[in-house]
Every structure is written in structure tokens, then in C-alpha cells.
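Enquirer: Given next are the chains, with one letter for each unit.
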Amino acid sequence: MAGFNFKDECANVVLTEGKNDCHVILALCRRHDIPETFGFYACGSDDKVLKRLSALIAGSEPVNTIGVILDSDNPNLKARWRSLKQRLLKEGYRLPERPKSNGTIVSISGKPTVGIWLMPDNNMDGMLEDFCLDLVDENLIAFSSECVREAERRQMATFIDSHRFKAVIHTFLAWQNEPGMPLGQAITARALDGDKPLAKEFSAFLKRLF
Amino acid sequence: MISEFKIKNFRLFEDIEIRRLSRVNLIAGKNSAGKSALLEAFLLYFSGMSTDVLMELLNLRQEDWESVQNKYSSGFAASGARHLFKDHRMPELSEDGFKLSSGDNGIHIKTAAYVREESEKGLKRRPLDADELDHYDSDFLDKYLIMDDGAAARILFSLDNSVKDIRRRIFSMPKTTTMPCQFVSTHGISDKTASSLWDGISLTDIEKEVIKGIKLIEPDVTGIAFVEANRSARSEGRIPLVKIANINEPVPLKSLGDGMTRIFQIILSLVCAKDGVLMVDEFENGLHWSIQKDVWNIVFKLSKRLNVQVFCSTHSRDSVHRFQEVWNSHKKFGSFIRIDRHNGNSSVKEYDLELLSDSMETDVEVR
Numbered sequence: 001m002a003g004f005n006f007k008d009e010c011a012n013v014v015l016t017e018g019k020n021d022c023h024v025i026l027a028l029c030r031r032h033d034i035p036e037t038f039g040f041y042a043c044g045s046d047d048k049v050l051k052r053l054s055a056l057i058a059g060s061e062p063v064n065t066i067g068v069i070l071d072s073d074n075p076n077l078k079a080r081w082r083s084l085k086q087r088l089l090k091e092g093y094r095l096p097e098r099p100k101s102n103g104t105i106v107s108i109s110g111k112p113t114v115g116i117w118l119m120p121d122n123n124m125d126g127m128l129e130d131f132c133l134d135l136v137d138e139n140l141i142a143f144s145s146e147c148v149r150e151a152e153r154r155q156m157a158t159f160i161d162s163h164r165f166k167a168v169i170h171t172f173l174a175w176q177n178e179p180g181m182p183l184g185q186a187i188t189a190r191a192l193d194g195d196k197p198l199a200k201e202f203s204a205f206l207k208r209l210f
Numbered sequence: 001m002i003s004e005f006k007i008k009n010f011r012l013f014e015d016i017e018i019r020r021l022s023r024v025n026l027i028a029g030k031n032s033a034g035k036s037a038l039l040e041a042f043l044l045y046f047s048g049m050s051t052d053v054l055m056e057l058l059n060l061r062q063e064d065w066e067s068v069q070n071k072y073s074s075g076f077a078a079s080g081a082r083h084l085f086k087d088h089r090m091p092e093l094s095e096d097g098f099k100l101s102s103g104d105n106g107i108h109i110k111t112a113a114y115v116r117e118e119s120e121k122g123l124k125r126r127p128l129d130a131d132e133l134d135h136y137d138s139d140f141l142d143k144y145l146i147m148d149d150g151a152a153a154r155i156l157f158s159l160d161n162s163v164k165d166i167r168r169r170i171f172s173m174p175k176t177t178t179m180p181c182q183f184v185s186t187h188g189i190s191d192k193t194a195s196s197l198w199d200g201i202s203l204t205d206i207e208k209e210v211i212k213g214i215k216l217i218e219p220d221v222t223g224i225a226f227v228e229a230n231r232s233a234r235s236e237g238r239i240p241l242v243k244i245a246n247i248n249e250p251v252p253l254k255s256l257g258d259g260m261t262r263i264f265q266i267i268l269s270l271v272c273a274k275d276g277v278l279m280v281d282e283f284e285n286g287l288h289w290s291i292q293k294d295v296w297n298i299v300f301k302l303s304k305r306l307n308v309q310v311f312c313s314t315h316s317r318d319s320v321h322r323f324q325e326v327w328n329s330h331k332k333f334g335s336f337i338r339i340d341r342h343n344g345n346s347s348v349k350e351y352d353l354e355l356l357s358d359s360m361e362t363d364v365e366v367r
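For the record, the sequence lines run as chains A and B.
Number 10 in the working numbering belongs to position 10 of the first sequence; there are no gaps in the numbering.
Number 170 in the working numbering belongs to position 170 of the second sequence; there are no gaps in the numbering.
Certain hints may be false.
Taking lysine to aspartate or glutamate and the DMTMM-like style, the derived pairs with C-alpha atoms no more than 20 Å apart in a straight line are [unchecked claim]:
{"no.": "1", "chain 1": "B", "residue 1": "K143", "chain 2": "B", "residue 2": "D160"}
{"no.": "2", "chain 1": "A", "residue 1": "K48", "chain 2": "B", "residue 2": "E354"}
{"no.": "3", "chain 1": "A", "residue 1": "K90", "chain 2": "B", "residue 2": "D87"}
{"no.": "4", "chain 1": "A", "residue 1": "K19", "chain 2": "B", "residue 2": "E350"}
{"no.": "5", "chain 1": "B", "residue 1": "K293", "chain 2": "B", "residue 2": "E209"}
{"no.": "6", "chain 1": "A", "residue 1": "K48", "chain 2": "B", "residue 2": "D340"}
{"no.": "7", "chain 1": "A", "residue 1": "K19", "chain 2": "A", "residue 2": "E61"}
{"no.": "8", "chain 1": "A", "residue 1": "K85", "chain 2": "B", "residue 2": "E354"}
{"no.": "9", "chain 1": "A", "residue 1": "K90", "chain 2": "B", "residue 2": "E17"}
{"no.": "10", "chain 1": "A", "residue 1": "K90", "chain 2": "B", "residue 2": "D340"}
{"no.": "11", "chain 1": "A", "residue 1": "K111", "chain 2": "B", "residue 2": "E92"}
{"no.": "12", "chain 1": "B", "residue 1": "K143", "chain 2": "B", "residue 2": "E92"}
{"no.": "13", "chain 1": "A", "residue 1": "K200", "chain 2": "A", "residue 2": "E146"}
{"no.": "14", "chain 1": "A", "residue 1": "K48", "chain 2": "B", "residue 2": "D363"}
{"no.": "15", "chain 1": "B", "residue 1": "K254", "chain 2": "B", "residue 2": "D340"}
{"no.": "16", "chain 1": "B", "residue 1": "K30", "chain 2": "A", "residue 2": "D47"}
{"no.": "17", "chain 1": "B", "residue 1": "K86", "chain 2": "B", "residue 2": "E14"}
{"no.": "18", "chain 1": "B", "residue 1": "K349", "chain 2": "A", "residue 2": "E91"}
{"no.": "19", "chain 1": "A", "residue 1": "K166", "chain 2": "A", "residue 2": "D193"}
{"no.": "20", "chain 1": "A", "residue 1": "K90", "chain 2": "B", "residue 2": "E350"}
{"no.": "21", "chain 1": "B", "residue 1": "K99", "chain 2": "B", "residue 2": "E118"}
{"no.": "22", "chain 1": "A", "residue 1": "K90", "chain 2": "B", "residue 2": "E209"}
{"no.": "23", "chain 1": "A", "residue 1": "K48", "chain 2": "B", "residue 2": "E361"}
{"no.": "24", "chain 1": "A", "residue 1": "K48", "chain 2": "B", "residue 2": "E325"}
{"no.": "25", "chain 1": "B", "residue 1": "K6", "chain 2": "B", "residue 2": "E132"}
{"no.": "26", "chain 1": "A", "residue 1": "K90", "chain 2": "B", "residue 2": "D352"}
{"no.": "27", "chain 1": "B", "residue 1": "K349", "chain 2": "A", "residue 2": "E61"}
{"no.": "28", "chain 1": "B", "residue 1": "K332", "chain 2": "B", "residue 2": "E365"}
{"no.": "29", "chain 1": "A", "residue 1": "K111", "chain 2": "B", "residue 2": "E325"}
{"no.": "30", "chain 1": "A", "residue 1": "K111", "chain 2": "B", "residue 2": "D352"}
{"no.": "31", "chain 1": "A", "residue 1": "K90", "chain 2": "B", "residue 2": "E14"}
{"no.": "32", "chain 1": "A", "residue 1": "K111", "chain 2": "B", "residue 2": "E365"}
{"no.": "33", "chain 1": "A", "residue 1": "K78", "chain 2": "A", "residue 2": "D33"}
{"no.": "34", "chain 1": "A", "residue 1": "K111", "chain 2": "B", "residue 2": "D160"}
Read the hints as simulated data drawn from the structure, not as lab findings.
If we strip away everything but chain B, and leave its shape as in the complex, we get (with noise of 0.2 Å):
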């Protein structure tokens, strides 16, 4: 778990630092502050630079769009990664790129060049130092974008690589995340993942966790399994469905409102990042405030009990008081920040319990 975490030059962040972080954390601030982009650094940086995590991050924000004039002249550097650097430029070969740190450790994601050489093994491919670089033509040099953690610097793709490319490598790569991370969007998260994390607790004793949080919404709900959508029809993959009390037939999760789904997502989710971490987009999602409270309470403990920590984004207050009257109940356990952003520049509020209760109290804006 991280009590601190710094970004610099990571999307629209230049430099901001959060002192304050906790077991259960919730990010607000106004649209385009920046709070899916904190959630973003978070995942980047707990998942190691997980190509997947990444390609899935572009993919969300329709960053992997290639546009017509890029595919020829330029490979993904110049339609994909560059967007997570500040101004959505990719560095060049000599500068920073951004850098994600808590405490002592650190990644700095940058560009390098490497040369091919002849060795006693064979051809090596060995990086550039800056000043070598004068004595290359670019044109020649092959450029990729890496991953420096302090100890040793890792590729993670050439950027003469197309989106194509690095989707088809990510088939082929073992995992390389380094510890449970799981990422619920604004529009959370897709029937394919849900079906493969069920996969990994069904029949195990966490899997009643995740029924009785869906409970709180649909108390008569016994059961649950994922099944094949369509068994005439080419395979859609599998959907969830729900067994009900005194209702014959199983019903699709999905048929009982988006706040069944986005309960048994949040859920589901947390109870797969045992020892890891859990970042939701958008807690409030579906979720109506009079069970927000039950919603926060189950995060809190299950969290504690299962060592996640979590980090979600909101905008609503509904689900900012819940959280303040939970978090009241689990003191050490909790944080709230906001993000600001004022003429181009980023900065954190960080508010503790007190003052977020005083300002629930006193009826002040907080988001």
C-alpha cells in the first residue's frame, strides 16, 4: 500500500504531489481536472507499465485512433503513447518523460535509442547515452519507448510499432503485471472480464461476498452464473445471470438495472485485486444514494480484509457524504482529495475527516 504518490509530466499533470493516501481513497474534482487521468498514473504505475493495462487505457479514451496521415508516415508513437505526456507530445530522445514515484520508488517512462551491435554473442541491441547521439543519423537508430525503474531500464515497445503490432504482441506476452490491479470505467467493465475474474472465485468462499453486495439491491438473489449468451448463434461469450428466490428461470444480471451491475462489477472487482489494487471511475455510477452507504461499507472492509487498496473517482456528493459517514466508522482507513486545476495548473486538496465532515455539515461545496 502507498501513503504518497507524485506524478510529473504524466497527461495534463505537470507536477503534483499526494501525501495522503489511505486504504480507501476518493478522488473528486471538476470535469477535466483530472481525476481519470490520477486514476490513470495509479494503474500505470501499479501494473508496472502493463502493456495491456496501457493499450486498454488508449483504447478507452479512443487514443488508438490511426489516423489516415499517421499510419504511413509514423508508427504508434505518433498516434497512441504520446498523449500520456504532458501536451501530448512524445519526448524526444535526450529529454524526461514523465515519471510516476511514491517514496522511494519510482518509474520514469521516457524514449531511448539503441544501436545493433556485433558481439561475441552475436548481434546486441545496446542503448545510446546522449552524447552518442550526435554520432547516429536518427533515421538509423531504433527508438523505443522504455521503462526505467532506478535499478534497470525495460523496452516496452518500439515505436516504429503499430497499434496493430503491439496488440498482436500483447497476445503473445506472458502478463507482466506485477501485482492484482483492477480497473472499473466510467462504463465498467466488459461481460469477457467479468466472465474470466467469476472464473477465478466461483465456488470459492469469496464468491458470497459478491452476492450478498448484490443483496443490498435484490435480497431474494441466491446465486449467480455466467453462461453462453447466444448457444444457436456464433458465441458472444458468456453473461451473467441470477438466480432468484420463488422465480424458476435464472435471470440476466443485466435485466435488473444498472445498479445490480455496477454493485456486482465494484465487487467483483475488489475481491480480485486480493493484494492489489482497485480503481473505480465514477463510483456513483447507477447506484442510487440511499444504498451508497452499504455500497462504501462493503469497499471498507472487504478492503481491509482481502489488503486492496482503493482509489475511486466521483462527482457526487450523494456518494461524498456516504463515503464521509463510512470513512467516520473506519478512521485510519480512509482519505479524500480533490483536484484543482486554476490557469493551466494542477494542485491537490487534501482534506481529512474533520474537514470533510464540517463541510458536509456546514453544506459546502467540496467536489
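Next up, chain A with everything else stripped away, as it sits in the complex (with noise of 0.2 Å):
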């Protein structure tokens, strides 16, 4: 699969932030045979697939079906859900009270299918690296956050504070074979295993929604 973004030829699209996202979510599909019946778009920001996700649904081109992958941060879930629900009512989409824990799935006539998945759970402010996290042994990540801890104490760490889980889950790649593989790779070398439980919820919202 060449770059994350099919722009045209796609009836059915997973817009992401970034690459990463996609990479992860892929790694993941091939994991669990989920065909791949739709195409990638990084859109580069948070924002960006907000925006996106309006534009494709009132756009010209026909979409069948949209499945939207975002962080819970900047600032929170609850903010997340809340500016979601606002665009896709403009639309005349109506999005349940809270998201559901194993991904929102939204359709009305004469429109595209939309599906939320909201980083890590559907229910805790977080990332796509706390994602990542739920799928490595609790010992072993005890261990890197540890290190992560003991790199602060010793004034080394420069990363901001939202950050922290992003900086436990490359202490912990650091250390795999390879080292410092990105996430999406990392799926599929099983150094993150994608049989727990919230790679499975995962990966059964991607089913249900194409």
C-alpha cells in the first residue's frame, strides 16, 4: 500500500490525524483478516478530520461509509464528543449522549455511514499511544514507566506532560527486536500483541462499520 491518501477512488474511507494511525489500524486489520474494503486518509491534524468528515458528507462524491479514528485529547473526551456531535447534527446526524465503549456506528438515509472510535477506549482521554499501551504485558510497562520516571528524575526528559504514555510506549519499543520500531510494525513483528482484548474491540468495530 503506497501513502494514506486515496482521495477519489474510495466508497469507503478511515480518515485518521496521521500516518501512524494508519499503520496501526492496518497492521491491525492483517492481524485479524478484515478485508480491506476501504482506503486511508491521514489528514494531518485533529481538525483536519473534522473538517474532512463534514466536507465528505456533503460533497458530490459518493461515500458510502466513514469511519472516523480520533484522540481523545486537545483537550479532553468529553470536549472530543462534544464537537463531533455538533458537526454531524448539522448534517442531521443525532450521536448518543457518550460514545459507545465498543465504537459508535451512526447512519441515516440518503447518507454516508459514520463510525467513531474515539483513542484509546471509547471512554478515557488518551491517544493512539494509549492504545498501544493496553496491548503490551502490565509488567513490561510498569518497567518502562519506571525508566521514563527515572530519565525525569534525573532532569534527561524533555517531553511534555500529555505525552507521558507516548514516551513509555518507545521506552518499551527501544528494547524490542527490532528497536525503535514504529507502532504499526511493531503489530506486526507481536511486539505489541494484537489478541488483547482492546485490539479485538478494535478490530470488531472495523467489521461491524464496513
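The two chains are supplied separately, each in an independent frame; assemble them into the complex guided by the hints.
Expert: Below you can see the structure in the form of C-alpha cells.
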């Protein structure tokens, strides 16, 4: 699969913030034999995912299904859900009060079906990296967290607070074979376990959606 | 100015409604979606079904064509105006025709039968009710196309008239248009129309606005005049010439390119539509994308100043994008809609400024 921008030809599309999300989703699809009946579009930012979502629903090219994968940050899940709700309401969709824990899917007649997954689990604030943390055994994560804390204690760490889990997951990946794999590749190489419950839940969401 | 519009049974539209019209309105849609038909509906509505507007529209689509067969069997009904009705079929006497309306105002165009009856004042035409129709032999009735605006019905023309009869009548009739309606088709307006519009504004302050417009392309233009095209031969009418600084002889406007002519015709039509409406079919024709923003700017500013409601169609993404940029600085004065056609049904998608901006920014197709 070349880049992650399929502009015209896809009647089914998954919108993500960045390319990392696409790689993770693609690796999970392969792990769980989800047929690739959809294209990916890495929008570049959360804001652009929202804008593109509205534009695709309103647009003149036929779209069947739109999957929306967003982080629950900037600032949190509650605010993210509110902005999605407002946007979709303008196009006639009614979202439930809170996101469904196994992913929210809404459809209205004559318009694309929209499926929403808020990283990590439709419940907590967080992002893609928090989702990936759930694909690692707890004791391994505990040790990676210790390493990160130690780096902070020695004032060697410069990351911002909301990126703590990002630092932890990449610390963990630093001593896997191969060291420093990107997230998607780490799933394929089984350094991240695609069979953990959260990964299965996400894959089931994609299967229901497409 | 209207803010909403409903069409029933007109051309390809069975029933559509637009709820979000503004000062300057841009209409997109695929080929044959009905963009031109929508502009035509506006034009007929605003002109109060003026016969000359009607004939011009039919002429543009070559629907005033009379086949040999039709010529002898029936009049105008068979050859021309039927195309305005859904499925190209003239409604029966008791049937609804097409309806164009905005809020409480509307017109209903249908067929009606009249009988001539003796009265104290001589022979008088009286319209027949639906239940009276059975009592008359339809061959002996006078059938007309009429316009009912809710208050009164007005005869537009007899269905037995030929196109020629109607053309002849237009010349002898006073203009019936209720407000200034200017229409710039995909090919623009004729030199004859342009010269008569120019006569109306020549040497007024508004003339400067037109010159300002064509300066977008040729900054050295200092003036415009219409002159006889060929003084020795049979008159072909007057053509526009422009004076350019540092060039002694005036040059024909059309020699300066399509963009120049297009801007001239759009702005001339706009300033001549004061307190009325302007329609432009395929706004972008001949205009390079780099000047479209400036042209939209002029259209927004002048339409506000002169109280003109503007309706344009477009195929061009550049044109939509430039329109959106200018709309952004005149937030309450624009609207963008797309006409969609699925399985023979038309629908309207209305964009607000935010949605159009998002679509432009994320490069999603709006046309």
C-alpha cells in the first residue's frame, strides 16, 4: 500500500489524524483478517479530520461509509465528543450522549454511515499511544514507566506531560527486536499483542462498520 | 431580495426548495443537474414570465425550433413552451402546470380555455371552470398559456400562436418585466444588448465601475465607446471599442481576449440590474483563476451598493474557491448550493460558509 491518501476512488474511507494511526489500523486488519474494503486518509490533524468528515458528508462524490479515528485529547474526550456531535448534527446525524464503549456507528438514509472510535477506548482521555499500551503486558509497561520516571528525575526528559504514555510505549519499543519499531510494525512483529481484548474490540468495530 | 425559492414541475425539477438564498448566490452541480434550469426559473419568476425573456430562453436552447410536422398541426404549444414543463409536456386544461414561488409570492403557469360570450359591452372572453369544460367541444375553445399569481390570472399567449406570431407580438408590446433582470448566458450577451445597456449608463458615474472592472485585466484602459461596426456596408450594429493609454487608435474590446469581454459583460449587466436581479451562467467562462477573486469582490461590492441579487452557476473549483474567499469577507452576503440528481430526482445541498471553507481546505469535491 503506497501512501495513505486515497482521494477519489474510495466509497469507504477511514479518516485518521496521522500516518501512525493508519499503520496501526492496517496491522490490526491483517492480524484479524479484515478485508481492506476501505481506503485510508491521514488528514494531518484532529481539526482536519473533523473538517474533512463534514466536507465528505456534504460533498458531491458518493461515499458509503466513513470511519473516524480520533484521539481523545485536545483537551479531552468530553470536548471531542461535543465537537463531533455539533458537526454531525448540522448534517442531520444524532449522536448518543456518550460514545459507545465498542465504537459508535450512526447512519441516516441517503447519507454515508459514520463510525467513530475515540482513542484509546471510547472512555478515557488519551491517544493512539495509550491504545498501544493496552497491547503490552502490565509488568513490561510498569518497568518502562519506571525508566521514564527515572529520566525525568535526572532531568534528562523534555517531553510535555500529555505525551507521558507516548514516552512509555516508545521506551518499551526501544528494547524489542527490532529496537525502535514504529507502532504498526510492532503489531505485525508481535512486539505489541494484537490479540489483547482492546485490539479485538477495535477490530470488531471495523468489521461491523465496513 | 428573496431568501427562499420553490420550484414545482418546471423543466427537470419535480419539486425542489432552496432555503438559504442571499445577496450573491453561487450554484454548482454536474452536467444536466439543472443549474441552467434553476437560473431560468429565477429569471422567469423575477421577470413575471415576461414574454421576451421566455422567448430568449427558448431560443438559447433552440426550443423555438418548429418541425415541419408541428408547423401545420398546432401552434407554439407543440414546439416551444412545452419544454418548460416537466417531461416536456404541456399540461392538460385541468392539470397543474409549473409553479415558482418564494414565501407567499408565487406564480402558477398553466393552460386555460376561454369562451367568447356576448355581453352588454360586446364580445367578451371568459375563462372556463374545470367542470364547464365537458360542455364544450375542445376544438372550438380558445386555449391559452396563463399565469396565475394568486390574485389574478393573466393570459401569456394563445396556444395556437406560432413562434413567429409571438415574436411579432413582442415587438409591439410594452416590456412586461416587473424589475430589471439581466441574464449573461454561457456565451455572454449580444453586442446589440450590450450597446443598449451601455447607452443607459454612458457618461454616468456608474460607467466608471465598468471601466474599473476591465482594468483588472488591462490597467491602461481609459475609456469605452460603442460604434457602428462597418460604416460603409449594411449596418451590423455597434461594437465596443476601448481606448488604451499610449495607443493612439481605439481597439475592439473583443481583440483583447475572452476574459476582457466576459468581465465587461458581467459588470455592465450588474450595474444595469440596479434594484433587480442578475443571472450569470458559468461565471468563470473566459476568466483566468488569478483574477476571479477580484471579479467576485466587485460583484459582492456592487451588488450590495446597487441592491442587486445575483445568481451565478459554475463548473469550476477555482471559481468556487475564490468565491468562498470573498464570501468570507462579506459573511452575511453569500450562499453556495449544489444541485444533485439521483435516479431522476433533483435535490439541493446548501452549504454555509464554514462547510464550504472546510471543503476547500480539505480538498473535498463540492461540485
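Enquirer: Look at each hint and say if it fits the structure.
Expert: Cross-check of the supplied hints:
{"no.": "1", "hint": "B:K143 x B:D160", "in the structure": "holds (7 Å)"}
{"no.": "2", "hint": "A:K48 x B:E354", "in the structure": "holds (13 Å)"}
{"no.": "3", "hint": "A:K90 x B:D87", "in the structure": "violated (34 Å)"}
{"no.": "4", "hint": "A:K19 x B:E350", "in the structure": "violated (32 Å)"}
{"no.": "5", "hint": "B:K293 x B:E209", "in the structure": "holds (16 Å)"}
{"no.": "6", "hint": "A:K48 x B:D340", "in the structure": "violated (25 Å)"}
{"no.": "7", "hint": "A:K19 x A:E61", "in the structure": "violated (24 Å)"}
{"no.": "8", "hint": "A:K85 x B:E354", "in the structure": "holds (16 Å)"}
{"no.": "9", "hint": "A:K90 x B:E17", "in the structure": "holds (18 Å)"}
{"no.": "10", "hint": "A:K90 x B:D340", "in the structure": "holds (19 Å)"}
{"no.": "11", "hint": "A:K111 x B:E92", "in the structure": "violated (38 Å)"}
{"no.": "12", "hint": "B:K143 x B:E92", "in the structure": "holds (10 Å)"}
{"no.": "13", "hint": "A:K200 x A:E146", "in the structure": "violated (28 Å)"}
{"no.": "14", "hint": "A:K48 x B:D363", "in the structure": "holds (11 Å)"}
{"no.": "15", "hint": "B:K254 x B:D340", "in the structure": "violated (36 Å)"}
{"no.": "16", "hint": "B:K30 x A:D47", "in the structure": "violated (29 Å)"}
{"no.": "17", "hint": "B:K86 x B:E14", "in the structure": "holds (7 Å)"}
{"no.": "18", "hint": "B:K349 x A:E91", "in the structure": "holds (10 Å)"}
{"no.": "19", "hint": "A:K166 x A:D193", "in the structure": "holds (17 Å)"}
{"no.": "20", "hint": "A:K90 x B:E350", "in the structure": "holds (11 Å)"}
{"no.": "21", "hint": "B:K99 x B:E118", "in the structure": "violated (33 Å)"}
{"no.": "22", "hint": "A:K90 x B:E209", "in the structure": "violated (40 Å)"}
{"no.": "23", "hint": "A:K48 x B:E361", "in the structure": "holds (8 Å)"}
{"no.": "24", "hint": "A:K48 x B:E325", "in the structure": "holds (18 Å)"}
{"no.": "25", "hint": "B:K6 x B:E132", "in the structure": "violated (31 Å)"}
{"no.": "26", "hint": "A:K90 x B:D352", "in the structure": "holds (10 Å)"}
{"no.": "27", "hint": "B:K349 x A:E61", "in the structure": "holds (13 Å)"}
{"no.": "28", "hint": "B:K332 x B:E365", "in the structure": "violated (24 Å)"}
{"no.": "29", "hint": "A:K111 x B:E325", "in the structure": "violated (28 Å)"}
{"no.": "30", "hint": "A:K111 x B:D352", "in the structure": "holds (18 Å)"}
{"no.": "31", "hint": "A:K90 x B:E14", "in the structure": "violated (26 Å)"}
{"no.": "32", "hint": "A:K111 x B:E365", "in the structure": "holds (16 Å)"}
{"no.": "33", "hint": "A:K78 x A:D33", "in the structure": "violated (32 Å)"}
{"no.": "34", "hint": "A:K111 x B:D160", "in the structure": "violated (48 Å)"}
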